[in-house]
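S.K.: Residue-level listing of the chains:
There are 2 protein chains.
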Amino acid sequence: MSELRHDPIQKRWVIIASDRGKRPIDFKQENIKKELNFCPFCKGSEAKTPNTISDILGSDNQWRVRTVPNKYPALKIEGELDRKAEGIFDVVNGIGAHEVIIESPNHDDDITLMSYENVQKILIMYRNRLNDLKKDSRFKYILIFKNHGVAAGASLEHPHSQIIATPITPRTVSAELQSAKEHFLLKERCIFCDIINQELKENKRIIYQDNQYVVMMPFASRFPFEMMIAPMPKKHSHDFSESTDADLYNLAVVLKDTLSKLKKGLNDPAYNFLIHTAPNRNSNKRGNLDWNTIERDFHWHIEIIPRLTKKAGFEWGTGFYINPTPPEEAAEYLKKIKL
Amino acid sequence: MSELRHDPIQKRWVIIASDRGKRPIDFKQENIKKELNFCPFCKGSEAKTPNTISDILGSDNQWRVRTVPNKYPALKIEGELDRKAEGIFDVVNGIGAHEVIIESPNHDDDITLMSYENVQKILIMYRNRLNDLKKDSRFKYILIFKNHGVAAGASLEHPHSQIIATPITPRTVSAELQSAKEHFLLKERCIFCDIINQELKENKRIIYQDNQYVVMMPFASRFPFEMMIAPMPKKHSHDFSESTDADLYNLAVVLKDTLSKLKKGLNDPAYNFLIHTAPNRNSNKRGNLDWNTIERDFHWHIEIIPRLTKKAGFEWGTGFYINPTPPEEAAEYLKKIKL
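Protein chains in written order, with the working numbering: chain A, 1467 to 1805; chain B, 1467 to 1805.
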């Protein structure tokens, strides 16, 4: 069984996922690639995956997007949460959910190749899974992310995203929640709205804007071509899962077009994207999160992280990043890409 | 000129190193490897590097270890520190030092192939450069690290380490300083000593111990085979730069043997190591660091991070790690490797 372990110095949680089966000796053979001779995510192979949790059909009554449990989950859904001390350390047993969202029945498909309607179906699936998993009060946070390309950690080629529901709130999200709260208590404004307004005014790092969403490169980008998609300040929203189908159609247009620019401008680089949204309110009634102002102080967003540079020990060991490409230059370059 | 930019939400600093010359278009050609037809770090090519800052000679009066300025520095030594606001953001100009420590005159050398005396010379160079750079009150922190292998971010094969002196204290080190301080104020004990004592007693994650140093895998290891080398509790020390030559000979034995086990046990994996030591006291007289108890509350250590797994978006986006190998199993495996 997996467990979550807490580092009392860095105040950092780690999932020790012993069920994922990396015995020490396995690393000796790391370069021998275990290729499957079939793809379990392709249309027709549905029996090779665990049972469908949810699917969205097309007009032909065939599935377009399908969610299944991860066959090698980092966290498992069965059992009671058990929090305990181990001397100076803290441990939580590995309760959670780990699901795979298969984005298309076609192996060679890609968000950049799909119709906006099919991209919208992926986003609707994200929202629906979020809302379903939130009912489980054991889960403090539900994270949706996508790894595209081997350099981004994708182990299967077939286009897919993942959902991990965890019994703790990830540190990066906690830090955002904390900063947002502090800013709000001082100023009664959302820090994300303040930043987006400043960026819109300066217009040096904005890739795209419409009535509803903005795409920009963060001022302190850690990575070349790092991007953020967020609701515009006048559409401020703390929770992705409150998006309507119509919202998600508009977001599908923005997401597909942004990824298409990245693909065209940089030869289809590997990338990750992640949705940062509010934690699960159903689980935090007795937790340390203050919910009073979260609707006004937090602002959901998607982080897109292209994997163009190798991060070295300096970054891992210091939390201090070196980015060789100023976001202004990257933004200017990407804005000019015509689709 | 480079600059340091602050993210007010994550409270994270990033070096935007525009001088390192990654124009957006460069990423399109990322896979075309620019091979040099000579190695600037080899014996005989001394004129191809910037001027020597410091060297350590062998008994034949030839250099064994040599420090030069980095030809493509992330931060530059010339100029006055300038801290300013840019709307909601904070910016510091890119003042700092970025040096390369060439660990041997021989291209194919490696710490695991050197005599203990030569490894000691590298560690003496680390200490001496630390002490020299500390005289500069512009530098809050001096970080020493090594990237071994392409997967760890090494851009040149010739064995070398790097030093970066920064006008801010890196976030990971700040977090450690903060936790150590809190623990000490409550308990009047060093948190690192407490953890090491617990580990010594449990003896499940200890790789090696002698009178002076311990090598162990952290309870909440983020990466398979992650290791920490630290002074034993009875040799508690907050500052690597106070090590004597004799200390550094003993440390050379531990470091070489640990890296040799890693190399033999896992087929020479890529790795990073970093020294976490106390910040520069000369620069923090008016800073926010409290120096009253640092000698007793902080404990220097070396982090060794093998690069056996690809970190995916989940880790970058959440600060929440999935480690597929329990450190107890990794420790058991590595302990058994005979050199």
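Please keep in mind that the hints were generated in silico from the structure rather than gathered at the bench.
Just so it is clear, the structure is predicted and the values come from calculations on it, not from any experiment.
Please note: incorrect hints may appear among the correct ones.
In this list, chains with the same sequence are indistinguishable; a pair is considered to hold if it fits within one copy or across any two.
With a cut-off of at most 20 angstroms between alpha-carbon atoms, the simulated EDC-like pairs for lysine to aspartate or glutamate come out as follows [to be verified]:
# : residue 1 : residue 2
1 : K1776     : D1734
2 : K1509     : E1798
3 : K1667     : E1552
4 : K1601     : D1521
5 : K1550     : D1660
6 : K1542     : D1576
7 : K1670     : D1556
8 : K1670     : E1552
9 : K1730     : E1546
S.K.: Determine for every hint whether it applies to the structure shown.
M.R.: Here is how each hint holds up against the structure:
no.: 1; hint: K1776 with D1734; verdict: both (17 angstroms within a copy, 19 angstroms between copies)
no.: 2; hint: K1509 with E1798; verdict: neither (40 angstroms within a copy, 44 angstroms between copies)
no.: 3; hint: K1667 with E1552; verdict: between (52 angstroms within a copy, 13 angstroms between copies)
no.: 4; hint: K1601 with D1521; verdict: within (19 angstroms within a copy, 64 angstroms between copies)
no.: 5; hint: K1550 with D1660; verdict: between (41 angstroms within a copy, 18 angstroms between copies)
no.: 6; hint: K1542 with D1576; verdict: neither (29 angstroms within a copy, 43 angstroms between copies)
no.: 7; hint: K1670 with D1556; verdict: between (45 angstroms within a copy, 17 angstroms between copies)
no.: 8; hint: K1670 with E1552; verdict: between (50 angstroms within a copy, 13 angstroms between copies)
no.: 9; hint: K1730 with E1546; verdict: neither (47 angstroms within a copy, 42 angstroms between copies)
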